[in-house]
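Trainee: These are the residues of each chain, in order.
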Amino acid sequence: MADSGSEEIAVIGNTDLTPSESENNLKNTMVEKGTSLLKMMEISVAEAEKRTGKNAVNMQETYTVYLIETRPVDAASEGTNPVPDSLWRRYSEFELLRNYLLVTYPFSVVPPLPEKRAEFVWHKLSADNMDPDFVERRRVGLENFLLRVASHPDLSSDKIFYSFLTEENGWKETVFETGFQAKADSRLKALNATFRVKNPDKRFAEMKHYGDELQSVISQLLRVRARAADRLYGVYKVHGNYGRVFSEWSAIEKEMGDGLQSAGHHMDAYAASVDDILEEEEHYADQLKEYLFYADALRAVCRKHELTQYELEMAAQDLTSKKQQREELATGTIRTFSLKGMTSKLFGQETPEQREAKLKMLETQIEEGEELVKERNAECEEFVKSAWVDIERFKEQKDHDLREALISYAIMQISMCKKGIQVWNNAKECFSKM
Amino acid sequence: MSGFVVDSTVSSGNSSVAIPTDISGQILDLDEDDDLEVFSKDTTVTDGSSFNASMQTSPASMINQYKFEEDAEDTKDIFVTVDNPESHVTAIETYITYRVVTKTTRSEFDSSEFEVRRRYQDFLWLKGRLEEAHPTLIVHPLPEKFVVKGMVERFNEDFIETRRRALHRFLNKIAEHPIFSSSEDFKIFLTAASGELTSYKKQGPGFLSRMGETVKAVAAAVRGVRNRPQEFTEMQEYVEAFSQKISSLDKVTQRIVREQKEYLEELKECGPTYALWSQSEEELAEPLKDVAGCVDRCCKETEEQVKNLNDNLIPVLHEYALCTETLKAVLRRRDNIQADFEAKTEALATKKADRDTESKVLSLAWDSLVGRSPEEVKQQKQQTLKGEIKEMRDDLDKAEDRLEWANNALKSDWTRWQKDMRTDLRSAFVDTAERNVNYYEKCLAVWESFLHSQRTDAEGNGNVDFS
Chain X
0 MADSGSEEIA
10 VIGNTDLTPS
20 ESENNLKNTM
30 VEKGTSLLKM
40 MEISVAEAEK
50 RTGKNAVNMQ
60 ETYTVYLIET
70 RPVDAASEGT
80 NPVPDSLWRR
90 YSEFELLRNY
100 LLVTYPFSVV
110 PPLPEKRAEF
120 VWHKLSADNM
130 DPDFVERRRV
140 GLENFLLRVA
150 SHPDLSSDKI
160 FYSFLTEENG
170 WKETVFETGF
180 QAKADSRLKA
190 LNATFRVKNP
200 DKRFAEMKHY
210 GDELQSVISQ
220 LLRVRARAAD
230 RLYGVYKVHG
240 NYGRVFSEWS
250 AIEKEMGDGL
260 QSAGHHMDAY
270 AASVDDILEE
280 EEHYADQLKE
290 YLFYADALRA
300 VCRKHELTQY
310 ELEMAAQDLT
320 SKKQQREELA
330 TGTIRTFSLK
340 GMTSKLFGQE
350 TPEQREAKLK
360 MLETQIEEGE
370 ELVKERNAEC
380 EEFVKSAWVD
390 IERFKEQKDH
400 DLREALISYA
410 IMQISMCKKG
420 IQVWNNAKEC
430 FSKM
Chain B
0 MSGFVVDSTV
10 SSGNSSVAIP
20 TDISGQILDL
30 DEDDDLEVFS
40 KDTTVTDGSS
50 FNASMQTSPA
60 SMINQYKFEE
70 DAEDTKDIFV
80 TVDNPESHVT
90 AIETYITYRV
100 VTKTTRSEFD
110 SSEFEVRRRY
120 QDFLWLKGRL
130 EEAHPTLIVH
140 PLPEKFVVKG
150 MVERFNEDFI
160 ETRRRALHRF
170 LNKIAEHPIF
180 SSSEDFKIFL
190 TAASGELTSY
200 KKQGPGFLSR
210 MGETVKAVAA
220 AVRGVRNRPQ
230 EFTEMQEYVE
240 AFSQKISSLD
250 KVTQRIVREQ
260 KEYLEELKEC
270 GPTYALWSQS
280 EEELAEPLKD
290 VAGCVDRCCK
300 ETEEQVKNLN
310 DNLIPVLHEY
320 ALCTETLKAV
330 LRRRDNIQAD
340 FEAKTEALAT
350 KKADRDTESK
360 VLSLAWDSLV
370 GRSPEEVKQQ
380 KQQTLKGEIK
390 EMRDDLDKAE
400 DRLEWANNAL
410 KSDWTRWQKD
420 MRTDLRSAFV
430 DTAERNVNYY
440 EKCLAVWESF
450 LHSQRTDAEG
460 NGNVDFS
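Which chain is which? The protein sequence lines are X and B, in order.
Quick note on numbering that gives the first Met the number 0: the first sequence kicks off at 0 and runs consecutively.
Quick note on numbering that gives the first Met the number 0: the second sequence kicks off at 0 and runs consecutively.
Just to be clear, a hint being listed does not mean it is correct.
Restricting the straight-line Cα-Cα distance to at most 27 angstroms, the calculated cross-link-like pairs of lysine-lysine (BS3-like) are [what the hints assert, rightly or not]:
1) K288/B / K394/X
2) K410/B / K253/X
3) K253/X / K418/B
4) K250/B / K253/X
5) K288/X / K418/B
Just so you know, the hints here were simulated from the structure itself, not pulled from any lab data.
Keep in mind the model is a prediction, meaning the values are calculated, not measured.
All chains, please: the whole structure from these sequences, using the hints.
Mentor: Below, the structure written as structure tokens:
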């Protein structure tokens with residue numbers, strides 16, 4: 000879970016300001032870059048509800064909506080507890096928000112959404128999207144997503160994000176109006192760039208490779224963990240049979256009866272304890288899943304770099320060839336094989352006027368080309384700079400979060416062992432009374 | 000009672016000895032000679048089979064003997080171990096022998112230490128002898144001949160080890176049993192060289208006499224018992240129920256072992272996955288490697304725990320499951336003895352009725368033909384009947400004694416068995432619980448040391464607050 004978010008909630012707003020001043024502050028800080036939204040407002044996804052309605056093709060469908068609550072931090076600290084502003088959103092709207100952010104901030108590692116469908120399940124867990132446990136875990140995941148975005152230095156100040164949290168109606172239209180969909184890079188274009196780019200920044204290439212490895216290893220871990228959870232469930236549950244048999248056996252014994260009966264109860268308790276244990280482990284799995292999906296976001300940034308670099312390379316290549324053409328035209332020498340060369344050989348040289356016109360056109364093109372290269376270069380540099388900053392930030396966040404996750408896993412194991420010790424000590428006492 | 004208790008259905012060690020029908024005089028001799036004779040395992044009275052000696056005591060003194068044994072201090076004077084399995088290859092077969100070491104201070108043993116080699120067949124022989132000699136005493140079960148279900152090879156290491164332990168327990172149970180431990184067969188088993196044992200075994204009851212016993216047993220079984228005493232019916236009901244419960248426990252435990260093994264298989268992949276991950280990381284490499292190490296250590300502990308269950312709890316449960324078969328057999332044999340007694344009672348009554356009616360009938364025709372006077376014939380017939388009746392009454396008395404003896408033996412041994420069962424199962428379960436506690440304690444230590452190392456790291460870096 001994004002603990003960094005909750006740490007920031009602890010920061011209490013300046014209570015010395017007058018109401019109008021604090022309102023000004025709120026407006027100003029929205030525009031200021033780098034200030035976290037969370038310092039100003041509390042965000043939570045409080046509830047989930049089932050709705051039925053007609054979808055785009057006019058068919059009945061059931062879907063889940065989530066209640067987003069926001070509350071100004073100042074108000075909470077003043078002691079008055081106003082009713083939070085709230086609105087309902089469904090998963091597809093979260094997806095829309097994220098897609099918008101992906102396109103608009105291509106240099107940011109955009110936080111992932113919780114999974115659309117339950118994957119890496121072990122048998123007891125339902126893969127059904129309507130299952131209450133799944134919905135609950137998704138609610139938590141969505142809250143986590145919002146908090147992550149709200150604590151991101153760049154994303155938190157986005158207006159569309161703000162209105163996602165505050166404007167229930169018409170938000171979708173507003174998003175589409177930004178025209179972000181047109182700005183999205185086609186998959187084909189991106190793939191092409193990946194193959195053809197000649198000189199990508201080495202760090203980004205390494206990052207991409209890391210993203211691949213991370214995704215692969217976390218997938219494997221999640222799979223293995225799910226299978227182990229399944230087996231562990233079996234082990235614990237079979238002990239429940241001891242409970243039953245001991246109870247039946249105690250009925251035919253005289254002196255052994257009591258010891259057996261009470262030992263049986265402890266066996267039942269042992270069998271039942273696995274449910275809580277595995278639920279907690281599911282939480283750990285969710286933490287791993289978040290970074291599994293983060294790996295994808297990381298790779299997206301690297302791919303974008305490849306694209307910008309490629310486009311720069313293309314522009315530079317284009318410029319070079321145009322310059323060459325000009326040279327050829329100016330000196331009359333044809334150094335490279337070109338259609339012009341061929342046609343002039345076949346159809347004779349052009350007239351000086353024609354040549355002049357062409358030269359002029361080339362000059363313009365070259366000027367434009369130089370502009371383009373300068374632009375693209377700047378874009379590329381800008382991208383590399385911002386992206387690398389965010390990647391560094393992401394790395395730190397990842398190291399911190401995953402370490403916390405490993406620690407909480409250890410704590411879970413310790414708790415499980417302690418429960419086991421207790422149950423078996425109790426059982427031992429009962430057995431010794433047999 | 001003047002009768003002499005000899006179970007004529009039991010073969011004696013030396014078939015040439017005629018067992019007198021009335022040696023009450025001899026018993027008195029015994030008592031006069033040495034009061035302790037009643038309790039001693041004196042083998043000098045007959046030709047060697049000690050079970051005859053114990054049979055010479057009346058049922059009453061038999062109970063005394065049990066009481067004496069129970070009140071006696073638990074000073075073990077005989078120690079038996081079974082170890083060192085070795086494989087032997089001959090032209091015909093390959094088999095395993097086990098070394099049986101006996102250390103004892105008992106006087107009837109010629110020396111204080113013995114070492115012999117025995118194979119499974121020998122154990123089977125011993126068990127059979129004890130059961131024959133004491134049909135209503137409870138002999139601890141032997142491990143099964145062959146585990147067909149699991150397709151376990153006879154010469155598989157685990158199988159041999161499991162069998163060795165079971166054989167060890169078997170002999171120790173025999174040694175601890177008040178009656179069995181003084182059995183001559185047991186002594187021979189522990190002390191005789193292989194050749195000696197083979198020839199001793201051949202001395203056993205002839206095929207025909209054994210056939211005779213089987214026929215008698217079948218006949219008795221067919222007859223059925225009419226007036227079984229309530230306590231034995233209760234015993235049978237208990238055995239039925241107990242048999243179900245113990246075999247359920249056996250199955251449950253085996254299922255747990257299976258599930259644990261499958262869990263272990265999955266868990267074994269976790270550690271390496273964490274290790275693989277650590278290779279892609281920088282800051283996280285240490286903690287990931289540590290977690291991998293923790294998971295691997297937990298794997299080892301789990302493996303150990305599974306082995307414990309297999310080696311300790313399952314064999315005990317299994318043995319008691321086999322015990323129930325023994326118990327059922329013992330109850331059946333007791334029933335047969337009672338059925339035999341009831342049949343003899345009936346036969347005697349019928350004969351007596353015959354005698355009464357006979358005295359009123361005069362079969363004149365035949366008798367006048369053979370030239371005997373009716374009075375003569377009548378006298379003859381009366382004499383014959385009288386003789387027959389006396390024989391039958393003696394037989395009946397013996398059957399009655401045998402029944403009483405069988406019942407008392409069973410009752411005493413039943414109490415002993417129940418006590419043993421309670422002790423054995425209690426300690427097996429307590430032991431299992433303790434091992435489980437140990438397992439969790441070890442895993443706990445593993446993860447706590449990981450936490451500790453993370454804390455010292457973090458506090459060193461000033462990164463994380465663990466409050």
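Trainee: Could you work out which earlier hints the structure fails to respect and list their numbers in ascending sequence?
Mentor: 5
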